[in-house]
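K.L.:
Residues per chain, in single letters:
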Amino acid sequence: MVDVIAEEQKLDLDTYDGPILEIENLSISFFTRLREIPAVMDFSCTVMPGEAMGLVGESGCGKSTVALGVMQDLGKNGRIVGGTIKYRGRDLTHMTSEELRHIRGKEIAMIYQEPMASLNPAMRIGRQLMEVPMIHEGIGANEARKRALEVVTDVRLPDPARILDAFPHQLSGGQQQRIVIAMALMSKPSLLILDEPTTALDVTVEAAVVDLVKDLGKKYGTSMLFISHNLGLVLETCNRLCVMYSGEAVETGSIKSVFDMMQHPYTQALFRSIPLPGADKNAAPLVAIPGNFPLPHERPQGCNFGPRCEYFEAGRCDAGDIPMFDVPQDDRHETRCLRFSEIDWNKPREKSVTTEKTEVGKVVLKMEDLKKYYEVSSGMFGGGNTKVVKANETLSFEAREGETLAIVGESGCGKSTFAKVLMGLETATSGQILLYNQDIQDTPIEHRSTDTVSSVQMVFQNPFDTLNPSMTVGRQIIRALEIFGEGNSDQERRDRMLELLDLVKLPREFGDRMPRQLSGGQKQRVGIARAFAGGAKIVVADEPVSALDVSVQAAVTDLLMEIQRQNQTTLLFISHDLSIVRYLADRVMVMYLGHVVEIGSTDDVFAPPYHPYTEALLSAVPIADTRVKKKRIVLEGDIPSAMNPPPGCPFQTRCRWKSEVPGGLCEKEVPPMVDLSTGHQIKCHLSADVLDQMEPVIEIVGE
Amino acid sequence: MLMFILRRILTMLLTAFCLTFIVFYLTNLPPNLEKLAKTEASARMTDAEVESWIERNGYGQPLIVRYGEWLGVAPGWTNVEANGTLRGRCVDRAEDRENAARFCGLLQGDWGTSTVFRNPVSEIIATRLGLTGILMFWVMVLMVPSALLIGVMAGMREGSRLDRSLSTFSIATTATPEYVSGVFFIVFLASNAGVQIFKGTATSAMDNITFENFFLPVLTIALYGIGYIARMTRASMTEVMTAQYIRTARLKGVSFRNVVLKHALRNALIAPFTVIMLQFPWLLNGVVIVETLFNYKGFGWTLVQAASNNDIELLLACSVVAVFVVLVTQLISDIGYVFLNPRIRIA
Ligand SMILES: Nc1ncnc2c1ncn2[C@@H]1O[C@H](COP(=O)(O)OP(=O)(O)O)[C@@H](O)[C@H]1O
Ligand code: SF4
Ligand code: SF4
Ligand SMILES: [Mg+2]
Chain A
1 MVDVIAEEQK
11 LDLDTYDGPI
21 LEIENLSISF
31 FTRLREIPAV
41 MDFSCTVMPG
51 EAMGLVGESG
61 CGKSTVALGV
71 MQDLGKNGRI
81 VGGTIKYRGR
91 DLTHMTSEEL
101 RHIRGKEIAM
111 IYQEPMASLN
121 PAMRIGRQLM
131 EVPMIHEGIG
141 ANEARKRALE
151 VVTDVRLPDP
161 ARILDAFPHQ
171 LSGGQQQRIV
181 IAMALMSKPS
191 LLILDEPTTA
201 LDVTVEAAVV
211 DLVKDLGKKY
221 GTSMLFISHN
231 LGLVLETCNR
241 LCVMYSGEAV
251 ETGSIKSVFD
261 MMQHPYTQAL
271 FRSIPLPGAD
281 KNAAPLVAIP
291 GNFPLPHERP
301 QGCNFGPRCE
311 YFEAGRCDAG
321 DIPMFDVPQD
331 DRHETRCLRF
341 SEIDWNKPRE
351 KSVTTEKTEV
361 GKVVLKMEDL
371 KKYYEVSSGM
381 FGGGNTKVVK
391 ANETLSFEAR
401 EGETLAIVGE
411 SGCGKSTFAK
421 VLMGLETATS
431 GQILLYNQDI
441 QDTPIEHRST
451 DTVSSVQMVF
461 QNPFDTLNPS
471 MTVGRQIIRA
481 LEIFGEGNSD
491 QERRDRMLEL
501 LDLVKLPREF
511 GDRMPRQLSG
521 GQKQRVGIAR
531 AFAGGAKIVV
541 ADEPVSALDV
551 SVQAAVTDLL
561 MEIQRQNQTT
571 LLFISHDLSI
581 VRYLADRVMV
591 MYLGHVVEIG
601 STDDVFAPPY
611 HPYTEALLSA
621 VPIADTRVKK
631 KRIVLEGDIP
641 SAMNPPPGCP
651 FQTRCRWKSE
661 VPGGLCEKEV
671 PPMVDLSTGH
681 QIKCHLSADV
691 LDQMEPVIEI
701 VGE
Chain B
1 MLMFILRRIL
11 TMLLTAFCLT
21 FIVFYLTNLP
31 PNLEKLAKTE
41 ASARMTDAEV
51 ESWIERNGYG
61 QPLIVRYGEW
71 LGVAPGWTNV
81 EANGTLRGRC
91 VDRAEDRENA
101 ARFCGLLQGD
111 WGTSTVFRNP
121 VSEIIATRLG
131 LTGILMFWVM
141 VLMVPSALLI
151 GVMAGMREGS
161 RLDRSLSTFS
171 IATTATPEYV
181 SGVFFIVFLA
191 SNAGVQIFKG
201 TATSAMDNIT
211 FENFFLPVLT
221 IALYGIGYIA
231 RMTRASMTEV
241 MTAQYIRTAR
251 LKGVSFRNVV
261 LKHALRNALI
271 APFTVIMLQF
281 PWLLNGVVIV
291 ETLFNYKGFG
301 WTLVQAASNN
311 DIELLLACSV
321 VAVFVVLVTQ
331 LISDIGYVFL
341 NPRIRIA
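As you go down the protein sequences, you meet chains A and B in turn. Just so you know, the numbering used here puts 467 at position 467 of the first sequence, and the rest follows in order with no gaps. Just so you know, the numbering used here puts 225 at position 225 of the second sequence, and the rest follows in order with no gaps.
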């Protein structure tokens with residue numbers, strides 16, 4: 001792919017043929033009242049014409065700061081304190097604002113994370129698009145509109161003319177992001193900076209957007225700086241990448257060299273902490289990176305990664321600043337590690353503790369034909385007619401003791417509603433929930449017995465919102481113990497609290513700390529401690545790690561698994577991240593628009609025959625492994641609104657297999673649950689023959 | 001939307017109803033009626049005479065009945081005098097006394113007669129409101145553009161020197177009540193004590209508006225509103241200027257001027273628009289003070305006269321009009337908000 005792009009680029013030779021972007025020894029600081037925060041230090045990278053450069057690293061490592069530095073838009077308190085940024089040989093750091101204005105939007109365009117926030121809510125899409133060439137090329141409104149129509153068609157949006165007349169809020173998130181991309185391409189820039197462009201989107205939408213960006217990059221010959229925390233995504237989009245850690249570039253090189261012949265301990269640790277195919281919670285568990293990410297003003301002497309590095313050598317690694325070293329015999333591959341040539345990179349990782357697979361026990365939770373409908377009223381001033389949102393449709397499944405059941409699906413498919421009904425935060429519209437053979441579907445949480453409440457607990461996605469900011473961590477856990485009626489005296493509860501801290505592997509001193517003194521991962525541990533305070537039998541974890549950084553995710557999932565093993569807890573793991581689901585779940589339930597479309601053991605669900613939706617979902621997940629070959633299935637369009645679901649099969653508007661079902665049945669009837677093998681069911685009209693022909697989506701080459 | 005407007009109108013009617021009833025009750029307290037009798041008939045009446053006057057003029061009936069008469073839902077009182085002439089609420093005001101209507105109240109369009117000005121209330125209200133309308137028009141002309149300009153200028157570069165000076169100015173003006181700034185202006189700009197550029201009275205402006213006789217009252221009222229609206233605009237502008245879409249516009253290469261004018265302005269004006277409309281009731285407040293201070297005989301001045309003279313029907317009419325003005329501005333503000341904000345409009 002690298003070559004293809006390079007070839008094409010050579011065809012439209014420009015007079016300038018040096019690098020498009022050349023950043024040298026860039027240092028950027030933010031100046032706050034307290035101190036100077038060195039956000040980026042000694043950062044260098046080069047982007048050649050037609051090249052896509054990936055910038056990866058955990059949040060706070062300075063990726064966005066680099067991007068904004070290139071755009072020269074660091075805000076009031078940000079300043080470039082050293083180094084140069086050259087665009088086609090011209091130094092951006094010394095340009096007047098007028099010169100910069102001509103470069104922004106015309107030569108360099110930027111796309112960032114929140115598509116809704118990036119579009120002006122009070123301006124029609126068309127005007128926002130037309131503005132770009134009207135400013136830079138001085139063309140008239142009519143011509144600009146024609147161009148806008150062209151580009152909107154290019155980003156594969158249906159009915160471009162209507163879209164140009166729409167306001168941003170009338171579009172879905174995926175459509176908005178396409179518009180933002182279209183806006184960036186309006187003046188055919190030579191460099192496109194994308195800062196986490198798909199983080200706010202669902203996987204299937206993300207896959208389509210990434211596909212689009214790649215195609216357009218080729219079509220327009222645009223170079224790209226692609227910022228992401230997702231290694232898989234970078235693998236799919238870029239030719240080269242640069243790994244950042246705590247304000248510095250630690251390794252840079254081509255995708256192939258960095259992925260397969262990494263030369264920096266941090267890169268290695270990063271790869272070991274993400275669930276790749278082949279990782280298994282029992283046989284080959286993930287290895288979390290120990291310790292925490294240093295804040296910019298708390299960086300250690302010498303190597304920033306030193307305190308967390310397993311190859312750390314006192315006296316050398318912490319002696320002084322470490323420069324970038326060229327890796328010999330590899331093209332433009334550099335690493336910021338003193339010991340890179342001494343480390344045996346091929347040594348298999350130390351066998352981390354493997355564990356026995358836990359035995360699953362008796363059924364503890366059973367749902368039968370659970371339905372949850374919401375009534376919503378439309379129209380702005382009240383009144384209007386009420387509509388029914390079918391958040392959950394005939395949900396049936398069982399969960400056993402000690403089992404991990406993953407519930408996957410895209411946003412709005414009803415995962416969280418289901419959790420709320422189970423927790424008693426909402427009551428079911430119809431159907432049954434049996435907890436140890438006790439009906440609880442109609443009992444809201446305030447009427448549930450303490451026993452029931454303490455035995456079903458929840459861990460939330462955002463650890464920041466669920467802790468009371470004005471109460472010490474210990475106090476909050478003790479409160480939970482009091483509510484669950486645990487312990488007979490304050491002393492007993494205090495002891496139990498300390499035990500819980502041990503359980504979630506937090507130092508006991510943390511009991512006296514305030515939540516704001518904790519990092520995200522530590523807060524999530526407190527959330528877990530609280531959930532297990534009453535000896536929970538069933539824990540619903542709603543995206544428990546998706547707000548955390550990759551290196552921390554592994555540690556937190558590990559912890560959940562370990563506690564589960566000790567307590568024989570049933571874990572309902574809600575997630576949209578199929579890689580992690582594959583890693584830790586025993587069984588998987590796939591939901592789409594309130595329906596369970598597939599349920600079965602993890603092995604069954606991840607291998608053909610799939611439900612067509614599962615197939616698309618699997619294909620959409622980016623995998624950070626160069627050996628993986630994936631079949632590209634791009635879903636057209638967006639998820640239909642739950643308020644207005646399509647007739648027949650919920651997935652029929654986007655299904656590529658629909659034509660295989662005779663008689664247009666998919667559009668008429670909701671398919672029944674079909675048993676494929678023991679415990680593996682899908683909700684699809686496809687005949688057994690067709691299902692048998694399905695090919696695997698993911699293949700590992702060379703195995 | 002229709003439901004919403006309907007609800008608003010209903011609230012308005014209900015408020016007007018309650019308010020007028022309270023005013024009615026207060027103006028009809030026995031001492032007030034006694035005073036009325038004495039001014040209307042003779043100042044040197046005995047208590048018994050007062051009693052009989054009150055009785056003969058229909059003021060003796062229960063409060064509710066008379067309130068009903070005023071509203072026009074109860075038939076006006078009638079009475080045959082000792083000398084045989086027929087008198088009555090409706091008879092007295094009818095041209096043709098023989099065939100006077102049975103009901104004559106607000107609902108019939110009869111607002112009554114002012115006991116102070118000796119003129120039909122409707123006429124008084126119409127002319128006075130007209131005069132105040134002119135005053136308000138100029139207040140708006142001065143206040144809205146300058147307030148928005150100040151707010152936008154202050155908010156487009158938060159923390160700049162321009163921002164700090166304009167913000168100080170805004171706070172100072174809102175903190176100064178009209179009776180202070182009005183007196184201040186008169187003393188320093190319109191009297192021998194200071195420079196005599198303007199006139200300290202606006203009475204002549206009622207027939208012939210000039211810059212000289214009208215600027216000070218307009219300025220006094222506007223100044224108070226300017227500070228308030230400017231601060232709202234500034235807050236909203238600074239928020240908008242940090243929004244991501246403003247960054248998007250900047251990174252598209254839009255010049256600062258156009259970022260402000262094309263991208264920030266409309267979004268920044270959504271909040272102040274509501275405030276401007278809600279300022280109306282407050283401005284009425286200022287109108288009362290300023291009109292009295294500058295002796296400009298508009299609605300506020302009339303209100304003061306009516307209140308101090310216990311002019312029952314005029315005062316009632318003033319209350320109705322005031323409630324009406326307040327609620328109509330609120331309605332306009334809500335509808336305008338919807339129009340400025342496409343997110344709500346098409347939802
Ligand atoms: N405006 C700012 N003021 C102060 N510190 C900032 C500002 N913007 C970013 N930082 C700091 O700079 C560091 C790098 O941030 P950022 O570039 O956003 O990281 P990333 O994009 O990799 O998540 C962080 O420690 C962050 O707290
Ligand atoms: S320099 Fe030392 S501490 Fe830093 S990454 Fe290399 S081995 Fe580890
Ligand atoms: S029932 Fe039809 S539309 Fe639905 S998933 Fe199966 S093949 Fe696709
Ligand atoms: Mg960022």
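Warning: the hint list may mix true and false statements.
Claimed, not checked - Below 27 Å or equal to it, Euclidean Cα-Cα: the simulated BS3-like pairs (lysine-lysine) are: (1) Lys362/A x Lys537/A; (2) Lys188/A x Lys262/B; (3) Lys390/A x Lys658/A; (4) Lys629/A x Lys347/A; (5) Lys188/A x Lys357/A; (6) Lys668/A x Lys658/A; (7) Lys631/A x Lys219/A; (8) Lys106/A x Lys262/B; (9) Lys76/A x Lys38/B; (10) Lys76/A x Lys146/A; (11) Lys146/A x Lys262/B.
Honestly, the hints are just simulated from the structure, not real lab data.
K.L.:
Lys76/A and Lys38/B were given as a pair; does the straight-line alpha-carbon distance stay at or below 27 Å?
P.N.:
violated, 73 Å
K.L.:
Holds or violated: Lys188/A with Lys357/A, Cα cutoff 27 Å?
P.N.:
Measuring from Cα to Cα gives roughly 55 Å; hence the hint is violated.
K.L.:
Mind checking the alpha carbons of Lys629/A and Lys347/A for me, to see if they're no more than 27 Å apart?
P.N.:
Roughly 25 Å separates the two Cα atoms, so the pair holds.
K.L.:
Holds or violated: Lys631/A and Lys219/A, Cα atoms, limit 27 Å.
P.N.:
Given pair Lys631/A, Lys219/A holds - Cα atoms ~22 Å apart, limit 27 Å.
K.L.:
Lys390/A and Lys658/A were given as a pair; does the straight-line alpha-carbon distance stay at or below 27 Å?
P.N.:
Measuring from Cα to Cα gives roughly 23 Å; hence the hint holds.
K.L.:
Is Lys146/A within 27 Å of Lys262/B, Cα to Cα?
P.N.:
This hinted pair holds, its Cα atoms lying about 21 Å apart.
K.L.:
Next pair to validate is Lys188/A with Lys262/B; report whether the Cα-Cα distance is within 27 Å.
P.N.:
holds, 23 Å
K.L.:
Does Lys362/A pair with Lys537/A here, judged by a C-alpha cut-off of 27 Å?
P.N.:
Roughly 12 Å between the alpha carbons, so the hint for Lys362/A and Lys537/A holds.
K.L.:
Please verify whether Lys106/A and Lys262/B have alpha carbons no more than 27 Å apart.
P.N.:
holds, 19 Å
K.L.:
Is it true that the CA of Lys668/A sits at most 27 Å from the CA of Lys658/A?
P.N.:
At roughly 12 Å apart (the allowed maximum being 27 Å), Lys658/A and Lys668/A satisfy the hint.
K.L.:
Do the alpha carbons of Lys76/A and Lys146/A lie within 27 Å of each other, as the hint requires?
P.N.:
violated, 37 Å
Consistency note: the structure conflicts with the earlier hints numbered 5, 9 and 10.
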